[in-house]
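Chains as they are written, first to last, in the numbering used here: chain A, 1 to 288; chain B, 1001 to 1436.
There could be a bad hint or two in this list.
One-sided and incomplete, this derived list gives chain A residues near chain B with beta-carbon spacing under 10 Å [what the hints assert, rightly or not]: (1) I60; (2) Y76; (3) N187; (4) T213; (5) P216; (6) F225; (7) V276; (8) P279.
Calculated Cβ distances over 10 Å to all of chain A for the following chain B residues [as the list claims (entries may be wrong)]: (9) S1067; (10) G1071; (11) S1074; (12) S1190; (13) N1197; (14) Y1228; (15) E1229; (16) V1307; (17) S1357; (18) G1384; (19) Y1423; (20) I1435.
FYI, nobody ran anything at the bench for these hints, they're computed from the structure. Where is the CB? At the ideal position from N, CA and C, for every residue including glycine.
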Amino acid sequence: MFVLDTLIQGILLGGLYALFATGLSLIFGIMRLVNLAHGDFMIVGAFAVLVLVEALGLPIVFAAALAGVAMFVLGYALQRLLLNRTLGKDILPPLLVTFGLSIILQNGMLETFSADTRRLSLGPLSEASIPLGGGLAAGVVPVLTLASAVLVILFLNWLFYRTETGRAFRATSDNPEIAQLMGIDNNRIFSLAMALALVVVAIAGLYLGARATFDPLIGPSRLIFAFEAVIIGGLGSFWGTLIGGIILGLAQTIGAQVSPEWQTLSGHVVFLIVLVLRPRGLFPRSVD
Amino acid sequence: MKNFSNARRQFLKTSAAAGAMAAAGLCAPAALAQARTVKIGYVTPQTGPLAAFAEVDQFTIDGFLQSVSGGIKSGGRTFDVEIVVKDSQSNPNRAAEVAKELIVDDEIDIMIVAHTPETTNPVTTICEIEEIPCVSSVAPWQPWFIGRQGNPGDPATWKPFDYTHHFFWGLEDIIAVFLNMWNQLDTNRSVGGLFPNDADGNAWGDPNLGMPPAFAAARFDLTDPGRYENLQDDFSAQISAFKDASCEILTGVVLPPDFATFWTQAAQQGYRPKAASVGKAILFPSAVNAIGDAAHNLSSEIWWSNVHPFSSSLTGQSAADVCESYESQTGKQWTQPLGFVHALFEVVTDVLKRIDSVNDVEEVSAAVAATDLQTLVGPVKWDGANLPPFAQKNVSKTPLVGGQWRKSDDGLFRITIVDNQTYPDIPVGGEMQPIG
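Okay, chain B solo, but in the shape it has when bound (with noise of 0.2 Å):
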């Protein structure tokens, strides 16, 4: 009911203006200024495993409804703008469920979703189905672009998307970042792989498509016990294969939990490897300094410092402006997301600023598909670069650096960045350190 009546206050709204120029006899801009709310749509796991990702988003939403307060001006109107959260509880039936709620219920004009394929896919699936426009980000394209294809396994048939956009970084972009940074050690070039059996492992350890074909090309040995379970207490096996094999390299895509247990019984066994570059485990600061002194010189792929060159186009913030000032309202460390959250709204406030009206979604995916804009995480526009053709209609690739890990003076874990052959631009803190 409340639908209604707001639909038909509008009507009224409208009706009344009309009659008020039509009685004066002339267009007056000022009848014009009030255009309705624009309801945004994010789905995001404020619950569940995933909720890590999830913290930076009140802040960022807060940061982007203040900047937006007077509304966002396009042409000759302004949009006032309403955004509607809703938890994916980290699990993607109900990410699913609550985007279908999202478009029926509240029936918001635009999605925006973020964090791991968990939450993207369904989300912008289901937006896909109901043609609602949906910018994603936070989850690699492959599994972003090839998981939501009818047929994953045969590329002949995998189809753009009309409404759904998304920007983040790919597979290859880690595998040149890790290679750029052992190639900066001294190593005998043996690498020791941990890949749980789940969708990321399966993806960066499979034999033809992840990481083996690039690591041979590279000339780095992979040594591969194989897929092991999530939340294990034990890893006594991959630890003597990476002994045997003398690893002096260890990378993967690990669990926080699971890389603690491993890396405290690696010390306990006796194994330490020059470089552990690893996906996901080490990604946020919390789980960094959980680890302890043990955690110096863990090196990973960096989406998003504070030292990127780059600012918001909504706040004019850097990035180190925007780090700092998350740190001081929150009290923690800034994660990487925090970047990224804020470009989505970047993107969606540059898109409602590029329209004429929000009811034509043909004109609003145009609008985000025409987006050329330098956000707080780099540029975004997609037009196609550094991808294979059958993504390049749907996905922007932000730039990628390598990282490590390191205690800062005040005992708190710090990222420096320490290789950006794949993206000058970003600064180095500093080379490339060896573990121990």
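In isolation and in its complexed conformation, chain A is listed as follows (with noise of 0.2 Å):
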């Protein structure tokens, strides 16, 4: 029984993780840009949605769509106006940049919303519970967060792969010179999935200021995880993003089984494992 309740319990985990990585996932994969403000911007879009609740009153459910929006014009005019300007052969200037993001987004937001410990609050639902039999159960919040990853690969997939869009962003991921010469403006691909990514990311803070609390400065402890889940399931592959954040739930909880001190560390043996046997991760779409 307990085997499985740890099977169960690591799976719903590994909803979570994979919802941190598929924004970091999408913007990795197709820009080669590493976002170390990532865990950050969820902390924002966790903000977003409280002050929608809290200043007009919404239902949480129209405050993170209206977030979502939101997001998608922040993200928009950040890759626009401040992140495109970094890229080019040098990796360093990006991720000098957005860890300068990570320090400015903490400290703006505790100014904002000072140091308390905030949550977007689901009523009776948060500690609600799925019944499985034989003294099992699924919590619904992680169910819901396994099932909205699962919701956002899909339509991501479909994106990717269905429409002209997404023809434009496989084409700039794989050779993004070539794909200037066939008149596909990167720039404007670029600012496109950097948009995307943060409504995925304003999904993720959802879940994450749900499930439990937040604070301005809670942001890049779920960094790791995320860069391990897109690690893991290998670059470019969404499915494999949500395989990759699966794999690492499951670590966890296994070795939080054998000892509450292993939680953290055995997530991080299987990611060298993983790294070490297939350095471009399990399910690697691009081929660099």
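Two independent chains are provided; combine them into the complex using the hints.
Right under this line is the structure:
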């Protein structure tokens, strides 16, 4: 029974990590940009939802949708006005700029919202669970998290493989120079990618803020798990990112059953093993 | 250059006064009345993960400056007071760095520091080296005293300090408070422990010096699954361990987001203990309110509250007055550090009233050691009461009682004191209630 419980909890945890990682996977896959402010943008997303709920009294679903639109605009402007200027042969400038952004976002939120701990309240739903028999139960919010991760990935796969924009995304990812020769405006594609990524980030922020509490400085703690899920899954593959998240989640819950001291560590160990055996991850799409 | 010109102006002023005195041929008190400005340095974590502690600073400093706006009278002279505040960014290295800046660049006369060992320890260590009198608080005394020793593992080598004094409570007080609260309830005496792999978690969970031996002596069984890393998203291993051992009591020293994750997941998995007494996680009302309805009757140690029967030696305000004025001025609920930051300024003011010259660090430190003051957080007196011999010189213990968070009519959670066996003067507002 308790083996089953560990597996269920691990898979549900993996759903959360996959949701954290998908936005990162999207921009890393297309423009090789390592966004060190990714975790902080999740918190920005969570605060955006919170402000809309508290200031306008919107139901949380509408607030989240509106926050998603706001994050789309923010992402587009951010890439267009700032990050596009840092992209080039050298990978260091975008790293440094997003690192700086991370610090600015944290302290900006600290100034605006104070150090108070906040939560996106789902009412009785937050503690509800689905009984699975034999004393097992799956929390409703974790199940919703996993379902959202799957839906987000289904949508992104449709966008990437069934639409013209998606073709442009893939072309730019494979070879930006030749894509440009074919008349694709790389800067616009990059800006769209960042805008989409921040929408996904807002969804991740919604669940991060609803499943527990958050404060302006908690973002970076989730960054490493997002990176690990992307790398385990392989660059450029969204399903890979989901599998990567689930592998990481399972490694952590199984490790924690051995001893809580092993919880974080076993996740890192599995990540290193994958990195040694399959340096490009389990399901890499691109060929660089 | 600024310092030089200040000193020069000071010199000119003093010699002018001396000249005037010589001319008048008598020692006029008026010439002595204006002594130089005393500079107080204050290191506090205004940004970073500990920033919630420092939210009471601005209110307290404003109130203090107002109460001493006419200067502090000591014997025949009056000290003007200036406070230089520096942000530790919640980082011990940064705390040490700004402490040095305060001493070397700002030339402070006396240091105060508060808010967790991460802030107090580096600052008090620098003060001890630089021979600057320092008063600290808001860190349990064991990590403050033992953590600063060259060899924390060997009590024979522990030495008292000359320039640094601390007031707060210790682990033994938390243990007593928790046991008293649990004994009010009818439970199976099985306790689940959530101890992270950090300084607090290791100290609380230490099998020899922490909570386990004290629980065993009081006939409580502890289930300790092991140290976990801070900021987890899953606590299923701990929850299943506590369910297996049918722990009706939960304890630990947990970060606020981790406790919210644990408590929510535990509810989803059908685990609800009768008592949950945790440190750190539910210190601040914002964290408790964020947990929501499930926070009702969570319990913890209470350092200070609006019903504590103490009043300020600076303003005469009672604890209730201070809390009320904080809430009306900031629009936020009062927090426990409020009383202690206020008390730090009370102690410094009291010390300044009892010294002849602020330039003589030995005299200032002796005055700190001789403090016997009724403050907003209770009596502060470095007489070594209820302390082991090694810590008696530098530590003064403040009272600790137990309380529960309960939802009040306005929807906000507030503290109700439920156990005062450790300090009967503090009134209880009710009995310990089981959760659920």
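Hints, verified against the model:
1. I60: Violated. Min distance 13 Å.
2. Y76: violated (30 Å)
3. N187: violated (35 Å)
4. T213: holds (4 Å)
5. P216: holds (8 Å)
6. F225: holds (8 Å)
7. V276: Given a least distance of 23 Å, the restraint on V276 of chain A is violated.
8. P279: Status violated, d = 26 Å.
9. S1067: holds (26 Å)
10. G1071: holds (33 Å)
11. S1074: holds (37 Å)
12. S1190: Given that every Cβ of chain A is farther than 10 Å from that of S1190 of chain B, nearest at about 18 Å, it holds.
13. N1197: violated (7 Å)
14. Y1228: Not fine: 4 Å to the nearest Cβ puts Y1228 of chain B too close to chain A.
15. E1229: violated (4 Å)
16. V1307: Non-interface label on V1307 of chain B holds, nearest chain A Cβ at 24 Å vs cutoff 10 Å.
17. S1357: holds (40 Å)
18. G1384: At about 36 Å from chain A, G1384 of chain B clears the 10 Å cut-off, so the statement holds.
19. Y1423: holds (29 Å)
20. I1435: Label holds. Min Cβ-Cβ 13 Å, cutoff 10 Å.
Hints 1, 2, 3, 7, 8, 13, 14, 15, counting from the list given before, are not met by this structure.
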